[in-house]
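So the protein sequences, as listed, match chains U and W.
Remember, the numbering used here sits 1 above the position in the first sequence when you count from 1.
Remember, the numbering used here sits 38 above the position in the second sequence when you count from 1.
Bear in mind the hints are in silico, worked out from the structure with no lab data behind them.
Check the hints yourself; a few may be wrong.
[Said to hold, decoys possible] Taking lysine-lysine and the DSS-like style, the derived pairs with C-alpha atoms no more than 25 Å apart in a straight line are:
{"hint": "1", "chain 1": "W", "residue 1": "K490", "chain 2": "W", "residue 2": "K410"}
{"hint": "2", "chain 1": "W", "residue 1": "K399", "chain 2": "W", "residue 2": "K410"}
{"hint": "3", "chain 1": "U", "residue 1": "K302", "chain 2": "W", "residue 2": "K399"}
{"hint": "4", "chain 1": "W", "residue 1": "K200", "chain 2": "W", "residue 2": "K399"}
{"hint": "5", "chain 1": "W", "residue 1": "K201", "chain 2": "U", "residue 2": "K302"}
No experiment lies behind these values; they were computed from the predicted model shown.
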Amino acid sequence: MLIQLPALAVILPLLSAPLCLFLRRSLLAWLFTVIASGLTMLVSITLLQQVMASGTIVYEMGGWSAPWGIEYRIDKLNAYVLLIVSSISTVVLLAAHTSIEKEIPQDRHTLFYVLYLLSLAGLIGVVITGDAFNVFVFLEISSLAAYSLIALGEDRRALWAAYQYLIMGTIGATFILIGIGLMYQMTGTLNMDDLSRRLPEVAQTRTVFAAYAFIIVGVCLKVALFPLHRWLPNAYAYAPSVVTAVLAATSTKVAVYLLIRFTFSIFGISFSFTTVPLQTIFVILGLLGIFAASTTAIFQKNVKHLFAYSSVAQIGYMIVGFSIGTTTGLMATLLHLFNHALMKSALFLALGAVMYRIGSAQLSQFQGLGRQMPFTMAAIVAGGLSLIGVPLTVGFVSKWYLVLAALENGWWPVAVLVLLGSLLALVYVWRIVEAAYFNEPPAGRGAVEEAPLGFLIPVWVLVTANIYFGMDTRLSVQVAQAAAQSLFGVSP
Amino acid sequence: MILSLEAMLQLSIVLPLLATVGIVAAGQQPNLREAVTIGTSLVLFYFVVNLYQGLKQGEVISVQWWQLVPGLQLSFAIEPLGMLFALVASFLWIITTIYSIGYMRSHHEQNQTRFYACFAIAIGSVMGIAFAANLFTLFIFYEVLTLSTYPLVTHAGTAEAKKGGRIYLGILLSTSIAFFLLAVITTWVVSGTLDFKPGGVFDANVDTTVAGAILILFIFGIGKAAIMPFHRWLPAAMVAPTPVSALLHAVAVVKAGVFTVLKVCVFIFGIDLLSVLPTTQFLLYLAGASVLLASLVAMQQDNLKARLAYSTVSQLGYVTVGALLATSAGVIGSSMHIAMHAFGKITLFFCAGAILVAAHKSNISEMRGLGKQMPITMAAFFIASLSIIGVPPTGGTWSKWFLLMGTLEAEQWILMAALMISSLLNIAYLLPIPFHAFFSGDKTPFSRAGVKEAPLPSLIALSITTMGCLVLFVYPQPLYELAKAILAT
Numbered sequence: 002m003l004i005q006l007p008a009l010a011v012i013l014p015l016l017s018a019p020l021c022l023f024l025r026r027s028l029l030a031w032l033f034t035v036i037a038s039g040l041t042m043l044v045s046i047t048l049l050q051q052v053m054a055s056g057t058i059v060y061e062m063g064g065w066s067a068p069w070g071i072e073y074r075i076d077k078l079n080a081y082v083l084l085i086v087s088s089i090s091t092v093v094l095l096a097a098h099t100s101i102e103k104e105i106p107q108d109r110h111t112l113f114y115v116l117y118l119l120s121l122a123g124l125i126g127v128v129i130t131g132d133a134f135n136v137f138v139f140l141e142i143s144s145l146a147a148y149s150l151i152a153l154g155e156d157r158r159a160l161w162a163a164y165q166y167l168i169m170g171t172i173g174a175t176f177i178l179i180g181i182g183l184m185y186q187m188t189g190t191l192n193m194d195d196l197s198r199r200l201p202e203v204a205q206t207r208t209v210f211a212a213y214a215f216i217i218v219g220v221c222l223k224v225a226l227f228p229l230h231r232w233l234p235n236a237y238a239y240a241p242s243v244v245t246a247v248l249a250a251t252s253t254k255v256a257v258y259l260l261i262r263f264t265f266s267i268f269g270i271s272f273s274f275t276t277v278p279l280q281t282i283f284v285i286l287g288l289l290g291i292f293a294a295s296t297t298a299i300f301q302k303n304v305k306h307l308f309a310y311s312s313v314a315q316i317g318y319m320i321v322g323f324s325i326g327t328t329t330g331l332m333a334t335l336l337h338l339f340n341h342a343l344m345k346s347a348l349f350l351a352l353g354a355v356m357y358r359i360g361s362a363q364l365s366q367f368q369g370l371g372r373q374m375p376f377t378m379a380a381i382v383a384g385g386l387s388l389i390g391v392p393l394t395v396g397f398v399s400k401w402y403l404v405l406a407a408l409e410n411g412w413w414p415v416a417v418l419v420l421l422g423s424l425l426a427l428v429y430v431w432r433i434v435e436a437a438y439f440n441e442p443p444a445g446r447g448a449v450e451e452a453p454l455g456f457l458i459p460v461w462v463l464v465t466a467n468i469y470f471g472m473d474t475r476l477s478v479q480v481a482q483a484a485a486q487s488l489f490g491v492s493p
Numbered sequence: 039m040i041l042s043l044e045a046m047l048q049l050s051i052v053l054p055l056l057a058t059v060g061i062v063a064a065g066q067q068p069n070l071r072e073a074v075t076i077g078t079s080l081v082l083f084y085f086v087v088n089l090y091q092g093l094k095q096g097e098v099i100s101v102q103w104w105q106l107v108p109g110l111q112l113s114f115a116i117e118p119l120g121m122l123f124a125l126v127a128s129f130l131w132i133i134t135t136i137y138s139i140g141y142m143r144s145h146h147e148q149n150q151t152r153f154y155a156c157f158a159i160a161i162g163s164v165m166g167i168a169f170a171a172n173l174f175t176l177f178i179f180y181e182v183l184t185l186s187t188y189p190l191v192t193h194a195g196t197a198e199a200k201k202g203g204r205i206y207l208g209i210l211l212s213t214s215i216a217f218f219l220l221a222v223i224t225t226w227v228v229s230g231t232l233d234f235k236p237g238g239v240f241d242a243n244v245d246t247t248v249a250g251a252i253l254i255l256f257i258f259g260i261g262k263a264a265i266m267p268f269h270r271w272l273p274a275a276m277v278a279p280t281p282v283s284a285l286l287h288a289v290a291v292v293k294a295g296v297f298t299v300l301k302v303c304v305f306i307f308g309i310d311l312l313s314v315l316p317t318t319q320f321l322l323y324l325a326g327a328s329v330l331l332a333s334l335v336a337m338q339q340d341n342l343k344a345r346l347a348y349s350t351v352s353q354l355g356y357v358t359v360g361a362l363l364a365t366s367a368g369v370i371g372s373s374m375h376i377a378m379h380a381f382g383k384i385t386l387f388f389c390a391g392a393i394l395v396a397a398h399k400s401n402i403s404e405m406r407g408l409g410k411q412m413p414i415t416m417a418a419f420f421i422a423s424l425s426i427i428g429v430p431p432t433g434g435t436w437s438k439w440f441l442l443m444g445t446l447e448a449e450q451w452i453l454m455a456a457l458m459i460s461s462l463l464n465i466a467y468l469l470p471i472p473f474h475a476f477f478s479g480d481k482t483p484f485s486r487a488g489v490k491e492a493p494l495p496s497l498i499a500l501s502i503t504t505m506g507c508l509v510l511f512v513y514p515q516p517l518y519e520l521a522k523a524i525l526a527t
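Produce the complete structure using the sequences and hints provided.
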């Protein structure tokens, strides 16, 4: 049984999806999905433990050995990302039943859970597989599910947002596919491990350069790296709240994972960082992203938009860490992957609670909420503090390592800019705080109650995680460090 | 003694934090809630005094908590400077609590439970700052202190409070994230440690340009020390209820700032390195300018709390100057000034609050002749003013004496002149207030009928702190010994 775990991680959600279709009752479908996602989380935890204890797990799908068959290869990096994806998905899912009650028509509830499971299966598949073409397949599964999930949003603009995302996402996926095709042409293999061994021989060809360029641009579209981020704000703002929470926390993270995997494991550091001027491009785009997106966030009237732009900015931090090109830098990126997932899922889920009670996420509607929904607002404040990077929250841990990495590398202007960027976060978070705590409720709004427990429990689980992992960083730092070291070929 | 000193050390940080639970739970019963606060403050002071005894007997008291990130541990240790700060803060918390009960009730303030809860968190973090064994721990509690005092500053919930809170949080968080954190991480990268060590953490052959840059980052980053141009938060914070201004913005928060400056100067740089850094002289002049300019601005203020706030900015400059002088007299003077100024300024704020509660006046021009109605308050104001100015028979004499000695030792004549001129300015902006209260007739167009002395708890509190100012003149020995021990460790 334990030997089959890697397959199980994908099969569980993938098979649950069609099974879920038979459950007509919303409550049943929800319970079923929670169990499926929860089991996937348990599998991920076990996998992480195994990998940390005894090293990389190689699983041959159907017993066909690589490079003919598809191979799942789980090292510290993807075990870590698997844990992030499956656990956030599970916790967010706890709120789904309450949340979609108001946001999605009754007859589409089952459909929602089916799509949710498919999206989860796709994301897990992308992360777990050791086969480049398989990445594309799973990416499409998760993306198609995500487009439909976004389109389920009650606002009509959700359709347009989903369509935009569909176009951009498909371009991204096609680019990745072209890149994979070019690599296959040059090396005759799709297995990542094989690719990493054969690519150096042909590294100086134009085809490989083209392949790399296609893949990086394609992945960056999925990452929503500035300036390829245009699809993201609307998609996040108009999707159902639960969908926003889970996508914000997982899908861009998986894309960042792909970026790391392609750059470090497949093409190799020397090719990515010395042959190609990736470092310069990324540090500039990352910093631009931080400042442009944070500034845009400050001027948003819709809080969902605000946090969506903030997500683009946070991706900027991850890319900056990545571009430093040292173990500490990569570690900062990996930490932020985990930490940002915790922050944004908590924040968007708390926004979902606000949507549930007042049906709007306009900043003007937040007036007076500090008194009316104290626990929900406290969660938003806590998540916001984490976003700013206040000590004792996860945001501080990421920031610490990112600045440390920049300084160790002698990039002090980058360190300064990263810290200045977090001051912009202070501004946009505080706009919400002031609206909620210093104003009377707008006239004409009736009494607003605190969000139901169905929301408060998962929201506060995530907020507690934000604080807990800000104080006890053993798990995140150790795993991120081990993963970063192994990617740099340093034996831990 | 039932508890070990280590346990007391930890409890002095944890207990106020735990007290918030009790305060919130007792929120519906004001008497019980205030009893919890007073009880906690008394127990806290008892712990701190015990720790002080332990320190005097030469015991090494330190505690390690868990590692926040590998290599960076939350840990605490007691040394004389932190002890001095903790003694002052914990003692004055008791007094302020007594004062607040009178003030908050007669002023019919809203949300008193939140007030007492946040106050307790703030004191807990002050203890964390005072006892921090490394810069990392100090930084964390420094930030907690900023955040926990934000609800206190914006207590009134008005548009004005919102604006004040914005400046408060904006400056304190921005400077701490943009400069202080950067300085901390750079120190960590350059020296490989953040532990406070006597004589400093940097190698003898450290690049003085880098260290000088780090020093600038520290001095600008520690916004709580209110060195110009990052002083605006302090006047802005005056929108808070008076007990907050009194304890936090005359004692806890601002003193946490200058305490951190002193701690960094003595235990991160060490005074030997400090005196050879290329940027020290510039920062000394900046602090000196801050002393003078703030005094000049204070003279212009008609609002009493605003005048006191600028006076605080100026007095904080004294402490920073003393720290940067990098001489033993400077350090002694600075650390003693933390205590002396605390007693003087908290009394002045108590008086300002008493006047506000009893006579509903906040502008100095309206306080003429008030000495008849409020003789105790005004007498206290007079004595505390003397202590701020630094003349006998008040405690402020000693700290200013040592600070001047420090400038002499370091041969900083310009600074010496600045400090002396500023003391003269202190006379000019503080003494006229009690003088007019007692000796000018009541020329205000307002009726004073029915104005009586402040509520009894407030009077008791301000009498105690006034006594403190006087006692510290005749009996400064314990303080002096603590201050002298800072460089001896």
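Violated constraints from the hint list, given by number and in increasing order: Hint 3 is the one this structure does not satisfy, whereas the remaining hints hold.
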